[in-house]
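Terminal number for the sequence shown in the numbering used here: 1153, no gaps in between.
Worth flagging that the hints you see were computed from the coordinates, not collected in a lab. There could be a bad hint or two in this list.
The calculated DSS-like cross-link candidates involving lysine-lysine, where the alpha carbons are at most 25 Å apart (straight line), are [unchecked claim]: (1) Lys1066 - Lys1012; (2) Lys1097 - Lys1070; (3) Lys1028 - Lys1097; (4) Lys1137 - Lys1030; (5) Lys1055 - Lys1067; (6) Lys1055 - Lys1066; (7) Lys1137 - Lys1125; (8) Lys1125 - Lys1038; (9) Lys1067 - Lys1012; (10) Lys1097 - Lys1030; (11) Lys1070 - Lys1038; (12) Lys1038 - Lys1012; (13) Lys1012 - Lys1055; (14) Lys1038 - Lys1137; (15) Lys1137 - Lys1066; (16) Lys1012 - Lys1097; (17) Lys1012 - Lys1125; (18) Lys1070 - Lys1055; (19) Lys1067 - Lys1137; (20) Lys1012 - Lys1070; (21) Lys1038 - Lys1067; (22) Lys1070 - Lys1125; (23) Lys1012 - Lys1028; (24) Lys1067 - Lys1125; (25) Lys1066 - Lys1125; (26) Lys1137 - Lys1070; (27) Lys1028 - Lys1137; (28) Lys1066 - Lys1038; (29) Lys1055 - Lys1125.
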Amino acid sequence: MSNIRITKQFSFETGHALYGYDGKCKNVHGHSYKLSVTVIGSPITDRSNVKFGMVIDFSDLKKIVKEEIVDQFDHATVFNETTPHIELANELKSRDHHVILVDYQPTSENMVVDFANRIMKRLPAGISLFSLKLQETESSFAEWYASDN
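When you get a sec, could you build the whole thing from the sequences and use the hints?
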């Protein structure tokens, strides 16, 4: 049977700051991220299966990405836990803000790698993550491809 790619798109709002960066992004700011998730697999051939003809039910893919990324990162502020931003993060947390501390500089490039790892752990057998596209602005994005990794 043929391998088919299935893509689902998601949107979420996230703030971040790039400590040590030499441009405007050193300041706390946010983006309206768009995430495209593409998986690959063969459609189910068992006619008795309610998912007959599907690679993965779009709602199953949505559940994975929502739980692993959208619900966690939407309206959160992301800081690298190994920078002085930790002080700001702790202050925001004390004021009941949603803060995520990561062990990397929260660039689109690093975030897309983090997201790929989170999604791959949750995919059912026979389904592989093919690619991710994390769009930070209308004209700027980072892409992750399994074939490159």
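Quick rundown of the hints versus the structure:
At roughly 7 Å between alpha-carbon atoms, lysine 1066 and lysine 1012 fall within 25 Å of each other, so this suggested pair holds. Pair hint lysine 1097 plus lysine 1070 holds up; C-alpha atoms about 23 Å apart against a cutoff of 25 Å. This hinted pair checks out: lysine 1028 and lysine 1097 have alpha carbons roughly 24 Å apart, not beyond 25 Å. For a cut-off of 25 Å, the pair hint linking lysine 1137 to lysine 1030 stands: about 23 Å separates their Cα positions.
For the hint linking lysine 1055 to lysine 1067, the alpha-carbon distance of about 16 Å falls within 25 Å, and the restraint holds. Distance restraint check for lysine 1055 and lysine 1066: the Cα-Cα separation of roughly 15 Å lies within the 25 Å cut-off, and the hinted pair is therefore satisfied. Distance check on the hinted pair: lysine 1137 and lysine 1125 sit about 18 Å apart at the alpha-carbon level, within 25 Å; holds. The straight-line distance between the Cα atoms of lysine 1125 and lysine 1038 is roughly 21 Å, inside the 25 Å bound, and the hint therefore holds.
Our distance criterion of 25 Å between C-alpha atoms is met by lysine 1067 and lysine 1012, whose separation comes to about 11 Å. With a C-alpha separation of about 20 Å, the suggested pair lysine 1097 and lysine 1030 falls inside the 25 Å cut-off, and the hint holds. The suggested pairing of lysine 1070 with lysine 1038 holds, with an alpha-carbon distance near 13 Å, which does not exceed 25 Å. Distance restraint check for lysine 1038 and lysine 1012: the Cα-Cα separation of roughly 11 Å lies within the 25 Å cut-off, and the hinted pair is therefore satisfied.
Among the hinted pairs, lysine 1012 with lysine 1055 is consistent with the structure: their alpha-carbon atoms are about 17 Å apart, no more than 25 Å. With a C-alpha separation of about 8 Å, the suggested pairing of lysine 1038 with lysine 1137 holds against the 25 Å cut-off. For the hint linking lysine 1137 to lysine 1066, the alpha-carbon distance of about 15 Å falls within 25 Å, and the restraint holds. Under the criterion of a C-alpha separation no larger than 25 Å, the hint pairing lysine 1012 with lysine 1097 is inconsistent with the structure, at around 32 Å.
Proximity of lysine 1012 to lysine 1125 is assessed by CA-CA distance (about 17 Å); at most 25 Å being required, the pair is judged to hold. A C-alpha spacing of about 21 Å is found between lysine 1070 and lysine 1055, which places the hinted pair at or below 25 Å, so the restraint holds. Between the alpha carbons of lysine 1067 and lysine 1137 the distance comes to roughly 18 Å, so the proposed pair stays at or under 25 Å and holds. For the proposed pair lysine 1012 and lysine 1070, the alpha carbon gap of about 11 Å is at most 25 Å, so the pair holds.
The suggested pairing of lysine 1038 with lysine 1067 holds, with an alpha-carbon distance near 16 Å, which does not exceed 25 Å. Proposed proximity of lysine 1070 and lysine 1125 is supported: the alpha carbons are some 14 Å apart, at most 25 Å. Taking the CA atoms of lysine 1012 and lysine 1028, the gap is about 31 Å. The hint is violated against a cut of 25 Å. Our distance criterion of 25 Å between C-alpha atoms is met by lysine 1067 and lysine 1125, whose separation comes to about 13 Å.
With a CA separation close to 15 Å, the supplied pair lysine 1066 and lysine 1125 stays within the 25 Å bound. This hinted pair checks out: lysine 1137 and lysine 1070 have alpha carbons roughly 16 Å apart, not beyond 25 Å. For the given pair, lysine 1028 sits about 23 Å from lysine 1137 by alpha-carbon distance, which is consistent with the 25 Å threshold. In summary, the hint linking lysine 1066 to lysine 1038 is supported, as the alpha carbons are separated by about 14 Å, within the 25 Å threshold.
For the hint linking lysine 1055 to lysine 1125, the alpha-carbon distance of about 21 Å falls within 25 Å, and the restraint holds.
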